[in-house]
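There are 2 protein chains.
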Amino acid sequence: MADRADRPGISRRRLLVGLGATAAATVAAGTAALPRSGIASWDITTDVLIVGSGAAGVSAAIEARQAGAEVLLIESLARFGGSSAMSGGVVYAGGGTALQQALKVTDSAEAMYNFISLTGGPHPPLDKIQLYCEESVAHFAWLVAQGVPYSEKFTTAKGLYMGDESLYFSGNELAWPARDLARPAARGHVPGIPGMNGGRRLMQVLLSRAEALGVSLRAAVAARRLVIENDGRIAGMQVSIDGQPQAIGVKRGIVLASGGFIHNREMLRQYAPELYDCSVPWGNAGDLGDGINMGIAAGGAALRMHQGFAIAPIYPPENVLSGIVVNASGQRFLSEESYHGVLGDAIAYHQQGRAWLITDQRSAYSLHQDNFLPVARGSSIGDIAAQLGLPRGALQHTVAYYNRYAANGDDPMFHKSQAYLRPLQGPPYTAWDLGVADAFFPAHTFGGLHTTVDGQVLNSFGDEIPGLYAAGRTTAGLPTAPYIASGLSVGDCTFFGRRAGRAAAADAGLRL
Amino acid sequence: MADRADRPGISRRRLLVGLGATAAATVAAGTAALPRSGIASWDITTDVLIVGSGAAGVSAAIEARQAGAEVLLIESLARFGGSSAMSGGVVYAGGGTALQQALKVTDSAEAMYNFISLTGGPHPPLDKIQLYCEESVAHFAWLVAQGVPYSEKFTTAKGLYMGDESLYFSGNELAWPARDLARPAARGHVPGIPGMNGGRRLMQVLLSRAEALGVSLRAAVAARRLVIENDGRIAGMQVSIDGQPQAIGVKRGIVLASGGFIHNREMLRQYAPELYDCSVPWGNAGDLGDGINMGIAAGGAALRMHQGFAIAPIYPPENVLSGIVVNASGQRFLSEESYHGVLGDAIAYHQQGRAWLITDQRSAYSLHQDNFLPVARGSSIGDIAAQLGLPRGALQHTVAYYNRYAANGDDPMFHKSQAYLRPLQGPPYTAWDLGVADAFFPAHTFGGLHTTVDGQVLNSFGDEIPGLYAAGRTTAGLPTAPYIASGLSVGDCTFFGRRAGRAAAADAGLRL
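Residue numbers (the working numbering), protein chains in the order written: chain A, 1 to 512; chain B, 513 to 1024.
The set of hints was computed from the structure by calculation and includes no laboratory data.
Virtual Cβ for every residue (Gly too), placed ideally from N, Cα, C.
Here are the computed distance ranges between Cβ atoms for each label pair:
id: 1; chain 1: B; residue 1: Gly974; chain 2: A; residue 2: Lys104; range: 51 to 61 Å
id: 2; chain 1: A; residue 1: Val280; chain 2: B; residue 2: Arg904; range: 33 to 43 Å
id: 3; chain 1: A; residue 1: Pro428; chain 2: B; residue 2: Gln613; range: 51 to 61 Å
id: 4; chain 1: A; residue 1: Gln387; chain 2: B; residue 2: Gln613; range: 43 to 53 Å
id: 5; chain 1: B; residue 1: Leu693; chain 2: A; residue 2: Val105; range: 48 to 58 Å
Let the hints inform the model, and build the full structure from the sequences given.
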């Protein structure tokens, strides 16, 4: 996940729609959206305009095009693929997908629904979760039909630094209390290619598919402002091409799918201060919040703007999970085997950004690990506590309590799995800094526009904004905090992106 | 704080501006705001329209009127005063106010700034905090000049169930770590009348003052939608009077000051799920989010919509603070003497809504306490732990660690003040449920429109929306989570309400 995506196999784009006269209107200071009356003529027209070339945008484009619409997809950067191409390419799918069945994994839509709805944060979007789970088998079949390659191989490894296996436990299913709330199943579906290239491959396939269907893909086109009719309907968009304003008129609908806002630092500070402090903004350079801000400018409501994926990637290696993670009071606060998004959320949002992993000789990182710095080393737990400045006696009490039960294979507080449970013993002990500011602590945003399950953007009074759709991290979708499994975000992007594309293509639309 | 405010001494309102023809436009489905072109004629016109009669609205009205503007203030309910009239009426003021000086309290604007900026949540609005602290002495003088009565009496009591004292430590100043981050000073300024009537008195004084100045106050007028010009300027508002739509044209500006959204349950569930679960929605029945939603409909950005004041009012009596508060892992997580907004925030947002107060014989509530139910009682800590279903041995470890140091007057973990620090000993022990759902756990909202220090509402691109102002809990203001002191909210309402009123009166405005 370290590299930016290469341009995924897309040849030079031709713009299918016409280039007309230069747009009359430019963005005036203080103008959040442009009135239709200020646009003298459209430079370009299309049935459906899609903003953003990540998984949400390209899935929307495929479906809109297949529904018969003329589709223009614009991307602000020079390359297509968005943050999805940087990701692992995992899609969280279940309920008995073809791959699960081939690998004899038992699952049900209900177990999947229970996991997603019960183990994340309070009051998640149940309408979206339900539909996603009910249609997950069909959605995975769609991915296969597009040509995404999956191998009939399963791995028990935690995390994605793997071979070419395509199915694994990508989240918190096996950690307590999740395993008691929902029957665990492996639901991380990832392209069956070696290494961390799943996202790149997924996007290559989907972008090629869109192109083959006749979607017009155009890079280096920056969205600026929505153009709005007097009655509130979305009429088009002002964009910038080679520094020149151009007006795109839209006959049916616009799908905003331009990602989140992890790289818009001012926006991040104001909306998601906990994520602002995380050391690594994790997303494509285009994640500047443009789509969200255009939607808000049109009267759209934005939900869960403070939430995000705060990641403390302590595994692999799994041997470190026999250590303990403690807060600034020297207390444990979750099972160390928890999914790295659950651990990251706990640290960033609930422990004021500070935590340490305490290891003994067997659970220490090897020399080559550099995500987390060793900030204390000593021959006793008291040594470590003193070096960290923890409250007097606190860490010693924590370890004494933990060891006492771990010696009998028990973790009464957080029920860590047997595979990782043993007393902490055998110096030297080491403390690894898991603080959001100093560790390798990636983050991206989950907050976005409030949408229906069909991607229709809702205004602050709960009504649909005619002609305006959104998908992916431009919306408040399936991913909430804590983020409980890899694949929920790309899964949400592809699933709800498709629905938004279909709905935009079917929009009664405007006469231009 | 249990009663709704009586109508605070305001005689029957005359509407100073004319009643014209019935408005042509009504709110169409799917319309978040109304285009100016849809309004045939204004039924009413005014220079400045203020929406809401709480502390923010009435402060804005006073200043706008004193600046020479014709001012109409509308209130959706039958009574004036808003949630401010239900509150304690505390204004957080410092830096050497006249009252502090009279009572020989040493303070500085810097110490006040440090307290507010360093001890709440991450990345608070520093521009607003700085101005508020720098001008706090003058703002308190303004309150006195309006006629708000303050007594030259100080009390050391924690909480507001007091006599007629006017100055006290209203927040978390003396609890660790706040006391190490900012020099403590008593800054809670409350009207000098007996009992919990400060808010009612404050609002009586300010409403009478507004009336005397010639502000037109009108109750039972419900705001519906903003009316917006083609260029984005706010032209007026559609309201509902006796069930009939009326259009109010505004020559200078509108100030949205209609409170938060604690009583809009759907909005609360979506934006602030942690507050949704708190047992007591704490605010005036008009706190339905109308002002926030109208602002969003005009393209306004809304910040910190998930935050609020979650209150665990465990004191008085202060003797219970010698008990310990523990989470579902049987661990302490803050100093029990912490301000009830700090404790409430910790429980609601960071402990998944669950906590218990564990007392011994001396620290137990008396029979007459009914905020919190005793859910376990026993002769040993082990008894209590078993009844609560806490992890085996965890509470015993916590108490052993706590008692060991408390016996020597030390609390290494949270540095509880000596006044409340002693070992927990002497059965029967009791556990009192502090869970958000089952305890008396009031909450109200802090999220709202993004504004400048002059109350100008900013859109999602950071530009001012011409003619639109907001103040109080309709904005994202001084109060953030955790809420660190009583008086910050009413202080913010009055201080920034005044500024919004002045700015609206000075707005270049529109020709109607």
